[in-house]
Amino acid sequence: MVELSRRTFLGAVGIGVGGLAAGGALSGCSNDAGPAVGGAEFTLPSYRAAPDLDVQPYHATKTPGMENVYTEQVQTYFKSVNREPGSGGKVTSFQLTWGDPSKPLKENPYWQELNKRLGVSFEPQFVPQPVFDQKFATMLASGDVPDLVFVNDQSAANLQGIRDGAFADLSETLSGDNILKWPNLAARKEEIWQASLKDGRIYQIPSIVWALTNLPTMRADLVEQTSVGRAPTDAEQLFTMLKEVSALGSGPGGQKVYGLNKYDPATALMFQRLFRTGPEWQLNDDGVLVHMIETENYKAMLAWLARAWSERIFDPVSLSPTPADIVSGAALRYDAVGAAISATGLSQWEKDLPGAKFDFFDLPGFDGSAQVVVRNIPYGRSTCVSAAAAEDEGRLTEILNVLDYFSAPYGSEEALFVGSGIEGRHFDFDEHGMPIPNAKNATELGVQYVGVTSGDNSYRVHPNAAPWVDSFVKVMESLAENSIVRPLEGLEGASQTFVTKGAQLKQLLTDFENGVITGRASLDDLESFIGNYMSQGGTQVKDEYTQVLKDAGR
1 MVELSRRTFL GAVGIGVGGL AAGGALSGCS NDAGPAVGGA EFTLPSYRAA
51 PDLDVQPYHA TKTPGMENVY TEQVQTYFKS VNREPGSGGK VTSFQLTWGD
101 PSKPLKENPY WQELNKRLGV SFEPQFVPQP VFDQKFATML ASGDVPDLVF
151 VNDQSAANLQ GIRDGAFADL SETLSGDNIL KWPNLAARKE EIWQASLKDG
201 RIYQIPSIVW ALTNLPTMRA DLVEQTSVGR APTDAEQLFT MLKEVSALGS
251 GPGGQKVYGL NKYDPATALM FQRLFRTGPE WQLNDDGVLV HMIETENYKA
301 MLAWLARAWS ERIFDPVSLS PTPADIVSGA ALRYDAVGAA ISATGLSQWE
351 KDLPGAKFDF FDLPGFDGSA QVVVRNIPYG RSTCVSAAAA EDEGRLTEIL
401 NVLDYFSAPY GSEEALFVGS GIEGRHFDFD EHGMPIPNAK NATELGVQYV
451 GVTSGDNSYR VHPNAAPWVD SFVKVMESLA ENSIVRPLEG LEGASQTFVT
501 KGAQLKQLLT DFENGVITGR ASLDDLESFI GNYMSQGGTQ VKDEYTQVLK
551 DAGR
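Quick note: the sequence shown, position 151, residue 151 per full-length UniProt numbering, numbers continuous.
Errors might be hidden in some of the hints.
[What the hints assert, rightly or not] Distance windows between CB atoms, simulated:
no.	residue 1	residue 2	range
1	T63	S227	31 to 41 Å
2	D100	R425	15 to 25 Å
3	T240	P316	38 to 48 Å
4	S227	R48	18 to 28 Å
5	A552	S250	47 to 57 Å
6	V290	G176	57 to 67 Å
7	R425	I530	49 to 59 Å
Quick caveat, the hints were computed from the structure, so don't treat them as lab data. Each residue gets a CB set at the ideal place from its N, CA and C atoms; glycine is no exception.
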């Protein structure tokens, strides 16, 4: 299962083109080069690191899954693009938008300056996130595919574009040192390209992403009032801590408080860590592929959660899909890393509720051992290039030039402009050298969302969150030390049944979990549910994954 946030709108690795077309399940190549169903042998793109930053990390790590931590903001910005602007032609895009689209070009100095710097007329099509898949399918059906297209390759609708040949095979174009023409696109390691291959070919340019994107935070002011305190050592102590917080009734400002106030598929991952359930599909001690729901640990997790609900540890509206419904405070939350260490993270949370005290929380294992954390796939959002546009080599180069500019790494002049705009209009630097947005002109930004994250991928703690940096490092190192890679990494989408039925199976599981937790269903029904889950596609997914693992030699 993949952890999602706005920063890391992640996509699991998709099925191979040949596999989709033929109804089979093909995976990415296992070597740096090799034959491909869709074309000739090629070498994975060369890696060239982005220039060093002018600051040193607060914490340098060697732990797999962890990133360096910075508390200082860069003061000098390097130039990442050294090429002449484009020819003045048009470059179009089909891209996600999380809110209202930007102001029109004629009213938008940022967009005008962007076009000037790119040397093209950039013409995006803004698509709201809730209807993205629907609009994506409509775009494919029209046959009019924009030059640059945002792709979430966990979505069957998005994968349809690769299946139908709507997007360019960039394998030779970006092969080996060819990619060095676009230094920002080259600033991602080979394993990222490897994990995102489709049928052994490059159809998408993937973002780098953190392996760990979410962590628990606690209301220290609440848990310090319990008999357990801030550091429970197992699931039973944690249960006691949470129950005693619910018993408090209210906290600072008269806010109603509970041990927990939210449960959804994302928050479920925190409890999966606690109960060491492992990845969704995993190998048992006999080397047989099984689903998480078939394990004793999963059953124990459901029993614990159901007991927590029955003993009123949860806010009664914890399952509401409407965030505004949840107004209570909670002893424990599951937050996005990027949000927690930002300018509006822990420090702002405390300002918003005087008397509250937040901190990061190091989750134990349910039995007194360590938690088990499943790392994210090694890449995030991706961008594809229109196959029709790529037929002209000169035009393909210009399109990739634009994408290279959008994908400038942190610490570069280009990334500062793309993300923050024009100094004095869209932002000003504060005393720390941080670009502070000007809310008045914020609607001019957000013109592009097809750039892919490149270069340095460290955790950057905002000065407002500096008081928590040692706690952050401690908890994140613990997460990384107890993290594992899924056996299906790089292969998860190599099941046609997963692609076509994954969403239905996920909803089936969510509905059952919610029913057991709230008492509308019984844990005694778990075996029956497993049979139902497998009969509705789970067995096919298992068989396809088993074959894929065998073919990959895992």
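Hint by hint, here is what the structure shows:
1. T63 to S227: 31 to 41 Å: For S227 against T63, whose Cβ atoms are near 33 Å apart, the range 31 to 41 Å holds.
2. D100 to R425: 15 to 25 Å: Holds - the Cβ-Cβ distance for D100 and R425, about 19 Å, lies within 15 to 25 Å.
3. T240 to P316: 38 to 48 Å: About 21 Å separates the Cβ atoms of T240 and P316, which means 38 to 48 Å is violated.
4. S227 to R48: 18 to 28 Å: 55 Å, violated
5. A552 to S250: 47 to 57 Å: 54 Å, holds
6. V290 to G176: 57 to 67 Å: 40 Å, violated
7. R425 to I530: 49 to 59 Å: 58 Å, holds
Checked against the numbered hints given earlier, the structure breaks hints 3, 4 and 6 and satisfies all the rest.
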